[in-house]
Each structure stands twice: as C-alpha cells, then as structure tokens.
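Participant: Knowing the structure of chain A, use the given hints to seat chain B on it.
If you read the sequences in order, they're chains A and B.
Residue 230 in UniProt numbering is what sits at position 230 of the first sequence, and the numbering runs on without skipping anything.
Residue 182 in UniProt numbering is what sits at position 182 of the second sequence, and the numbering runs on without skipping anything.
Any given hint could be a false lead.
[Claimed, not checked] Across the chosen pairs, the derived CB separations fall in these ranges: (1) B:58 <-> A:191: 33 to 43 angstroms; (2) A:116 <-> B:291: 51 to 61 angstroms; (3) A:289 <-> B:152: 15 to 25 angstroms.
These are computed hints drawn from the structure, not numbers from a lab.
Beta carbons are placed, not taken as given, at the ideal position from N, Cα and C, and that holds for glycine.
Given next are the chains, with one letter for each unit.
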Amino acid sequence: MAVVCFGKSLSRAGRQLLNVTVFRSITRASVCRCPAIHRTVNSTIPHAQRAFHASQPVMVTKILSMEEIFNKKALHDYLKKKEMEYNSCLQSLNTESQTLDDEHVKINRNNLSVLGPLVQKIKELEEKQKELEDTLDLLKDNDPELHELAESEKEACLAAIQDLRQQILSLLIPEEESDMSDLVLEVTAGVGGQEAMLFTAEIFDMYHNFAAFHGWGFDILEVMSSELGGIRRAAASISGPFSYKKLKFEAGVHRVQRVPKTESKGRIHTSTMTVAILPQPTEISFTISPKDLRIETKRASGAGGQHVNTTDSAVRIVHLPTGTVAECQQERSQIKNKETAMTLLRAKLFSARLEEETSKRYLARKLQIGSRGRSEKIRTYNFSQDRITDHRIGKTVHDVHGFLQGEELLEEMIVFLQQFSEQESLMDILQDCDQNQ
Amino acid sequence: MFKTIWFLNRLLHRNSGVSKHRGVVRLWSNAAEGAVAPPADCSITAEQAIRCWAQHFTLHGISEPLLSSQYIISHVLGEKTLECVQRKRLRDTLTDRERESVWELCSKRLTRMPVQYVIEEWDFRDLTLKMRPPVFIPRPETEELVSLVLEDSRLIQGESHRTDLRCLEVGCGSGAISLSLLHSIPQLRVFALDQSQTAVCLTMENANRLGLQDRLEVHLLDVIKDADVILSKCNPVDFLISNPPYLLSQDMKTLQTEILKFEDHSALDGGLDGLSVIRPILALSSKLLTPRGRVYLEVAPCHPPIIQQLIEEMMPGLLYLETRCDLTNRPRFCILQKKGEDG
Numbered sequence: 001m002a003v004v005c006f007g008k009s010l011s012r013a014g015r016q017l018l019n020v021t022v023f024r025s026i027t028r029a030s031v032c033r034c035p036a037i038h039r040t041v042n043s044t045i046p047h048a049q050r051a052f053h054a055s056q057p058v059m060v061t062k063i064l065s066m067e068e069i070f071n072k073k074a075l076h077d078y079l080k081k082k083e084m085e086y087n088s089c090l091q092s093l094n095t096e097s098q099t100l101d102d103e104h105v106k107i108n109r110n111n112l113s114v115l116g117p118l119v120q121k122i123k124e125l126e127e128k129q130k131e132l133e134d135t136l137d138l139l140k141d142n143d144p145e146l147h148e149l150a151e152s153e154k155e156a157c158l159a160a161i162q163d164l165r166q167q168i169l170s171l172l173i174p175e176e177e178s179d180m181s182d183l184v185l186e187v188t189a190g191v192g193g194q195e196a197m198l199f200t201a202e203i204f205d206m207y208h209n210f211a212a213f214h215g216w217g218f219d220i221l222e223v224m225s226s227e228l229g230g231i232r233r234a235a236a237s238i239s240g241p242f243s244y245k246k247l248k249f250e251a252g253v254h255r256v257q258r259v260p261k262t263e264s265k266g267r268i269h270t271s272t273m274t275v276a277i278l279p280q281p282t283e284i285s286f287t288i289s290p291k292d293l294r295i296e297t298k299r300a301s302g303a304g305g306q307h308v309n310t311t312d313s314a315v316r317i318v319h320l321p322t323g324t325v326a327e328c329q330q331e332r333s334q335i336k337n338k339e340t341a342m343t344l345l346r347a348k349l350f351s352a353r354l355e356e357e358t359s360k361r362y363l364a365r366k367l368q369i370g371s372r373g374r375s376e377k378i379r380t381y382n383f384s385q386d387r388i389t390d391h392r393i394g395k396t397v398h399d400v401h402g403f404l405q406g407e408e409l410l411e412e413m414i415v416f417l418q419q420f421s422e423q424e425s426l427m428d429i430l431q432d433c434d435q436n437q
Numbered sequence: 001m002f003k004t005i006w007f008l009n010r011l012l013h014r015n016s017g018v019s020k021h022r023g024v025v026r027l028w029s030n031a032a033e034g035a036v037a038p039p040a041d042c043s044i045t046a047e048q049a050i051r052c053w054a055q056h057f058t059l060h061g062i063s064e065p066l067l068s069s070q071y072i073i074s075h076v077l078g079e080k081t082l083e084c085v086q087r088k089r090l091r092d093t094l095t096d097r098e099r100e101s102v103w104e105l106c107s108k109r110l111t112r113m114p115v116q117y118v119i120e121e122w123d124f125r126d127l128t129l130k131m132r133p134p135v136f137i138p139r140p141e142t143e144e145l146v147s148l149v150l151e152d153s154r155l156i157q158g159e160s161h162r163t164d165l166r167c168l169e170v171g172c173g174s175g176a177i178s179l180s181l182l183h184s185i186p187q188l189r190v191f192a193l194d195q196s197q198t199a200v201c202l203t204m205e206n207a208n209r210l211g212l213q214d215r216l217e218v219h220l221l222d223v224i225k226d227a228d229v230i231l232s233k234c235n236p237v238d239f240l241i242s243n244p245p246y247l248l249s250q251d252m253k254t255l256q257t258e259i260l261k262f263e264d265h266s267a268l269d270g271g272l273d274g275l276s277v278i279r280p281i282l283a284l285s286s287k288l289l290t291p292r293g294r295v296y297l298e299v300a301p302c303h304p305p306i307i308q309q310l311i312e313e314m315m316p317g318l319l320y321l322e323t324r325c326d327l328t329n330r331p332r333f334c335i336l337q338k339k340g341e342d343g
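So that you can see chain A by itself, here it is in the shape it has in the complex:
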C-alpha cells in the first residue's frame, strides 16, 4: 500500500478526511505527488525523495462523492457549529436587545442574515433524511402497492437530499469576487521550436472554440505568428458569464507528445506551451490613476500635431509604481492601440493584485492560479496514446482530437477541475475551523 502524505501543511483533521494512514516517523521524508507542495517540502528537507510521475496516478485524493463528503465528521461538526452560532445570535438578539449596544446588534443581525439560509437548508436536510428513514421503514412492509409507493417516495427523497446537500455545499464555499470577471488569455510557445508554435496555435484555437461553445466574446488583442502558421505569442480578451471562473485553472504549461509535422524521421517529440489567464476587472472595481501611467508613442519628439505626419502608431504604457508594461501595435489607429494596451495592462495589474490577495488561500492547493502556477506542467497531450492527462488531479481522458475541438470534452475536464477546486476550498474551511477549536 502506498503511503503518501502532504507533509506538514495539512492538519490532522485534513489528513483524517483523506483517509490516509500516517506514520509520524515518515512525515519528514515525504513522497509527494503534488509538485507544488513537493517543492516546498523539498526545499526544507534536502534528502526527500523525488515526486513520482503521474503516468499512473496514485489516487491520493479524488473527488469525493456527495455522500462521502457528508459522511465526514468534520463536516457535521462544522454544520453543527454554524447552527450553534446562529442560535446564539438569535438568542442574544431576543433577550439582550436592551442591554447591547448598536454595534453588537448590527453584528448579530448580519450574522443571522448570512447564516440564515444555511441553517434553513440544514433543517430541511434533516427533515428529508427523517422522511427517508420513514419511507425505508415502509419498504419493509410486504404490501406490493405500498411497496411501489414507498419506492417512488424513496427516489424522490434521495433526489431532494442530493439537491439539498449541493445547496449546502454551495453556501459553504465562498464566492470569489473575481469569478464574475472577464479575462485575458495569453498563450506563449515554449520549448520545441516550430512544433511548439504549431501546438500553441492549436491550443489557441481550442480556447477560441470553447468561447464560442459557451457563447462568450473572443477578441484577439495580439498575434505573433510563425513561418509555418504557428503562433509565437497571442492574447485574446474573453468576455461572458463565468468565463474567468471556468478558465482559471487552464493556466500553466501544456505539454504535447507526438510526431511533429516538421519531423522527417518519425520520432516523437515533446514540446510545451504556456497559458496565462488574467482576470479582467470592471472599470468600477479596479481603477488605475492616470498619474501612475507613462504612455509612450512615437510622436513624443518635436511639436507633434499638424507639424508631423507619421504612420507609427505603436503605443507602450508603463505603470510607474509597479513597472508593469503593456504595448500594442496591431492597428493603424493610435487610439485603438492605446485601448488595447490599457486592456492588457489592467489585466496584468489586476491579476497581480488578485494573486496577492489569494496567495495565502491557495498556498497548499493542487489547483494553483496566477503566476504561482505559471511554470507548473499541468497537462500532457499524448497523441500516439491518444490521451490527455491533467497532472494536478491525476485525471486522464481520451480522444485528443476531440478534446482540442474545445467543446464537450474540454468542458468535462473543466467541470471536474472546478469540482476539485471547490472541494479544496471546502477542506480549507473545515481545516480552519478545526484548527481554531
């Protein structure tokens, strides 16, 4: 039996949740599957073993089913705790309304409104579970008509319970502010020369189709193409509901293993490309002061205006406080180049800020976002074996050509990643709660 643990970063409760046996003596020399944590562990413990590779994913974590999640004691404890909080707020508001000051009352009222829906759902779930028990009792009866009735009741109950559980989980997992954003997608060819650039073009097309599949807008901001029709670098602005939420885990290094078009001897090559996902803030939520920007154009010298006739409309914007740069020369119109450069700049600045805010939360996660995950090899596309493997969660799917169409197969993978991420969020919450006790 493989014994694996994630090193010191997980709490006791966390490890219990994952049903993994832990021996205290080997927590130091940990063998980690997760590259992110492996790195942290490795840096402090020089003689730790190397992470073993995901060609045969070790099922250390998998997506737990609803039932498994709800069987966890930690979850039950957490829900109970929330109920207690709710009741105590209620009580204090009812009995001490005269003696408490406004601030207290306000806090209690706020807590009530936040916890209210959750507690309501918990009650409903308990009722439904009671109902299910009663129905199961009925099933023991031998009367065939009653049996049939009880069966259908049972089905209805189970469906309702499943639904309520999902709702409870949704209430528990916090919404991230940026989930509502649009995004800028950047693709860059990595190792592998022309083949890498061809692969980059294929991936760019895949996301283009994916955007169409969801009815999102896809505006190309810049494209640097290569001699053979590949892409060196490209960026597009994607806009639509939940676009960022869905694509945020696509960031990282994608790897392809196949016989390249440019290969004469039929050897298999490995090439890479990088995807960066930058959330795009709305005007209101993220403002950049014009004073912080230095806009560079070619008209800087001389008197400008009517005095000069030039066709150089490239614009380069530097954000002085952070040194972030964005430029564009895609258009003949200077103002359009400026707008595109601003879009790129805002996306870069916003995602940098977002990272600062979320980095603590995502520290121990498998699914990284932002530049932290930028150099992680997240996925391998193996043409000869016709499979795609996501290394972070150890999931393998088949039909590479179908996947690259950017429709159902990609959607499936993304939904899976989302569920995984939600679970990681949930574990964090339960862990925090556990640690605070």
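Facilitator: Just chain B now, with coordinates in the frame of chain A:
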C-alpha cells in the same frame, strides 16, 4: 546612383536567388525619379520585398523606411498592418499583379508621398477613410479630440427628449471628425464645412462609403469670408468642433517634405500667431451655439493661454472651460462654452 543599383543587385541576388541581373538593372535605373518598372522575370516573396524596399527607402533618406515598406506591402496583400498578415503568406512569392502594385506604390513613396496618400486610405478611430492629396491627413491627436466630445455625458446619455443633436465642424478635410462623431452618436446631425472643394468631395465620398451621408451636410464655405452664410445655414448648433490650421507661418518651412510637398498648406498655416482661423471660429461660436453649448478645438501647444486671454478680453459671451493634454502631455485641446442665459 550606380552604387544604388549595384547594391540592390547584390541584395536581391543574395536574398532570393534572382538569376536575371539585367531585369534588375533596368528596374533601378529610374530610381531617383520615382517612376519605376517592376522587375520582369524576378520572383520575390513579400518578406524580401519588404526588406528590399526598406533598404531602398533608407538609401534615399525616406522617413520611416521599414514601416513605409511594411504598410504598403501589407496593403497590397489586403491587410492593414504587417501583424495582420499570415506569416505563411509573407514567404509566398508575390503574384505578378502584386509585384507590379508593390513597385508602383513604393515608387510613389520614393517621391516622399506620405504612406496614407500612397495607399489612399488610413484609419481614424473605428473608421477606415479614403485619403487623397492634398486633403489633410488626420493626425492621431485628433482621435483624442473626438474622445473629448464623447466624454461629455450630456451629449451621449440622457437627453432622451432630444431627437437630434446638432454639430458644426469647421475644416472637415477628409471627414474624419464628423464621421467618427456620426458613427458614435446616433442622434447627431452634422454640418461640415471646408474652404477646399477637394475636401468637401472627399468628405462626402467617405460619408457615402460609411453609410453616414443621411445625417451629414457638407458645404463649401470659408469660415473667414462666409461667416454670414454659415450663420444663416447652420444656426443653431449644440456644439462646434474643429481641427483648424494652427501652425505658425514661420514654422511652415520646417515641415517635413511629405507635408510640404503633398498636403494643402491652407489646412496647416494659421498665420503669424497661428490663430488666423481660430479667431473667426470663436467669433462665430458665440453667435451660433445654443446656451451652454461647447466648442472643442485642437490647437498648438502655445495657444491655450493666448486663447484664454483672447476670450476674456474680446469675447464676453464665451467661457473658457479647460485645457486638455494629448497623449504626449502637450497642451492640445481647448474646451469653451457659450455662457447660459444666466450669464
């Protein structure tokens, strides 16, 4: 000149394996005059043509040699910028027609003709406009002038009771400002004037090509000589906009050849102080504007304080609102307002 020919021979030979020297020699013999015949049996790719002509432009002291070459050849290939052309396409041999076209257009550039006149078009904000000498070529700063108008929320949102907004443009040139405004403000009607017949025709041509002709009237009128006619035809307007000639006469001789040789001087020369057209425009505005209607002007960087003083001393009906800078941080735009009934 022979050095040129020799050099270019070496270049073509090295780059594309051209075997017929003779064709190439014939090709460059008229280089200095600008009218050049394309090489007869020469096969050349777009990429090579770009490099070749960029070097040729450099040799002849043409400004922005690489950009000129890129824009012209991209245009021949049906694209606006080099970035838009598929990389594969650049390595394809040019067809005979393409080659002839490239040579013809690049030869024009050799005469210092601005690229915008060579390819007969240019972009302004969201529009692509036809360009024709000597009608003034829109500058990037003027794109920002249009932004200033669009920022004025009174004109865009609200005003639901207004079914039409009226604007006067003085010196419409190719129609860049008027057509951009018409494009962005659906309820706008524009009266555009220019004292050049070619400009009037070009504005109308661009309006027709963009389908904006219904809300536009273009008149051949001079703001200095025909002020009364303008008043009777266009009164009143909600705002006035202009990029009038604002260069000082003494600066005219320092202009680059592209401008001096090909663009209409009367679209550039603003007299001794650069205000010879601006003054009549301001005088007109106080009579033409509705109360609190605005004037948006593009000017030379030295003008704003002078204009401010001018208004205070000589035009009591106008209020100087603010000066705005262009992207290079030069004071470039003046916004004025006609005082309301309450003064």
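Participant: Compare the structure with each hint and give your call.
Facilitator: Status of the hints after comparison with the structure:
A C-beta distance of roughly 37 angstroms is found between residue 58 of chain B and residue 191 of chain A, which places it inside the suggested range of 33 to 43 angstroms. Between residue 116 of chain A and residue 291 of chain B the beta carbon distance is about 55 angstroms. The supplied range of 51 to 61 angstroms therefore holds. Against the hinted window of 15 to 25 angstroms, the Cβ-Cβ separation of residue 289 of chain A and residue 152 of chain B comes to about 22 angstroms, which satisfies the hint.
In the structure shown, no violation is registered for any of the earlier numbered hints.
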